[in-house]
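Each chain is listed here by its residues.
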Amino acid sequence: DGGITQSPKYLFRKEGQNVTLSCEQNLNHDAMYWYRQDPGQGLRLIYYSQIVNDFQKGDIAEGYSVSREKKESFPLTVTSAQKNPTAFYLCASEAYWLAGVPGELFFGEGSRLTVL
Amino acid sequence: SQQGEEDPQALSIQEGENATMNCSYKTSINNLQWYRQNSGRGLVHLILIRSNEREKHSGRLRVTLDTSKKSSSLLITASRAADTASYFCATDGGNNDMRFGAGTRLTVKP
Numbered sequence: 215d216g217g218i219t220q221s222p223k224y225l226f227r228k229e230g231q232n233v234t235l236s237c238e239q240n241l242n243h244d245a246m247y248w249y250r251q252d253p254g255q256g257l258r259l260i261y262y263s264q265i266v267n268d269f270q271k272g273d274i275a276e277g278y279s280v281s282r283e284k285k286e287s288f289p290l291t292v293t294s295a296q297k298n299p300t301a302f303y304l305c306a307s308e309a310y311w312l313a314g315v316p317g318e319l320f321f322g323e324g325s326r327l328t329v330l
Numbered sequence: 655s656q657q658g659e660e661d662p663q664a665l666s667i668q669e670g671e672n673a674t675m676n677c678s679y680k681t682s683i684n685n686l687q688w689y690r691q692n693s694g695r696g697l698v699h700l701i702l703i704r705s706n707e708r709e710k711h712s713g714r715l716r717v718t719l720d721t722s723k724k725s726s727s728l729l730i731t732a733s734r735a736a737d738t739a740s741y742f743c744a745t746d747g748g749n750n751d752m753r754f755g756a757g758t759r760l761t762v763k764p
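For the protein sequence lines, the chains are C and S, in the order given.
Quick note, the first sequence lines up with residues 215 to 330 if you use this note's numbering.
Quick note, the second sequence lines up with residues 655 to 764 if you use this note's numbering.
Just so you know, these hints were derived from the structure itself, not from any lab.
A hint or two may mislead.
Within a straight-line C-alpha distance of at most 20 Å, the following computed EDC-like cross-link-like pairs (lysine to aspartate or glutamate) qualify [said to hold, decoys possible]:
| id | chain 1 | residue 1 | chain 2 | residue 2 |
| --- | --- | --- | --- | --- |
| 1 | S | 710 | C | 318 |
| 2 | S | 680 | C | 273 |
| 3 | C | 297 | C | 273 |
Pairwise CB distance ranges, derived in the manner of DEER restraints [said to hold, decoys possible]:
| id | chain 1 | residue 1 | chain 2 | residue 2 | range |
| --- | --- | --- | --- | --- | --- |
| 4 | S | 692 | C | 300 | 17 to 23 Å |
| 5 | C | 240 | S | 672 | 35 to 41 Å |
| 6 | S | 678 | C | 226 | 36 to 42 Å |
| 7 | S | 671 | C | 294 | 46 to 52 Å |
| 8 | C | 281 | S | 666 | 39 to 45 Å |
| 9 | C | 291 | S | 671 | 43 to 49 Å |
Small disclaimer: the values here were computed from a predicted structure and weren't measured.
From the three backbone atoms N, C-alpha and C, an ideal C-beta is built for every residue, glycine too.
The shape of chain S in the complex, shown without the other chains (with noise of 0.2 Å):
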């Protein structure tokens, strides 16, 4: 079953405002993953939250995570149109089964 639920399915931005992207799960986690993916491409990883963890920075990206709500969210600052791709949370099912969301589809317009 969906471990992860994005929100919102889809997103459509100017180049320069900010994108955030929400991903709620249902079971304890040790951590929340979260992937990017180009129209008919693999996944390439962006960033991985430990659960004890509630923020995490890596270049333009900003990652929240509350554990009392189960929920995530991913923001991307200053947006670019190369920004443009779908955003998947990922969690493990606590057996090493990492199960995604329908993730979030982000258009970036020049």
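Same shape as in the complex, but just chain C (with noise of 0.2 Å):
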């Protein structure tokens, strides 16, 4: 089946340690987007990608590092320098970025960092 896998689902991570989420889809979209999403709250924009080899930061990519080297691959790197890292990650692909609308976005089920 066609979707957005995101992995691991849990992870734990010490102080100081940098640690790579991965995300990839097999729905062909061209734009994936990783959010951050503390308890309670909304979803805020990390990075950005509209097609392979670019990315654009977005409201909070200070500490964050992605990488768009395929198209069916996102994976993000939560650095040593994000003071405060632990979250919910939520990764999402969209297919129509081509047609210059944005579409629906399709959700991986996330990943839950803490930082011990």
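With the hints in hand, could you dock these two chains into one complex?
Dropping the structure here:
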């Protein structure tokens, strides 16, 4: 079945360590997004990519890095520079970028990162 | 920055009642979308309304859009306990960067 797969679902990290969250989609979508969600809060945009080998910072990119070497994959690295990384991270993809108008986002099930 | 803001933050109703949630946004949009999130899960798309549309229906959902007031509403009719979730509006920021509000937490009591 087509969809977006995020892994791991739960991740624990010690302070000072970098961690990478995986996001893979087989929907053949051009655009992909990373959001952060804190308890009881909305989603804040970290990074987004509209095409392979290109990505843009969102509202809270500091302390995060991404790559988009393949259409199917958009991994997010949470670096030690991110001061408060404990959160729920959501990846999404979207099909209609090339039409110029954003369409429906398809979300993964999220990765919950806890810093010990 | 957050583009949309939902109101109310929380809503509690009885099964069978209607639930209305509102969303206000700040800048011009191409479309506005509503999503649902069950606790601890990813978001699921509910409905998309384009900027040149005023009302749209999908099953028990009714969405309105008033671009002059930069606002939208989501109405869920004849609510069920299974409708308990958080509901978010999302708008494009002009660069295809989709942004979400803080959401409305809906509780439907059986």
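Hint-by-hint comparison with the structure:
1. S/710 with C/318: 15 Å, holds
2. S/680 with C/273: Holds. Residue 680 of chain S to residue 273 of chain C sits at ~16 Å (cutoff 20 Å).
3. C/297 with C/273: 15 Å, holds
4. S/692 with C/300: 17 to 23 Å: 21 Å, holds
5. C/240 with S/672: 35 to 41 Å: 38 Å, holds
6. S/678 with C/226: 36 to 42 Å: 38 Å, holds
7. S/671 with C/294: 46 to 52 Å: 49 Å, holds
8. C/281 with S/666: 39 to 45 Å: The hinted range 39 to 45 Å holds for residue 281 of chain C and residue 666 of chain S, with Cβ atoms some 44 Å apart.
9. C/291 with S/671: 43 to 49 Å: 46 Å, holds
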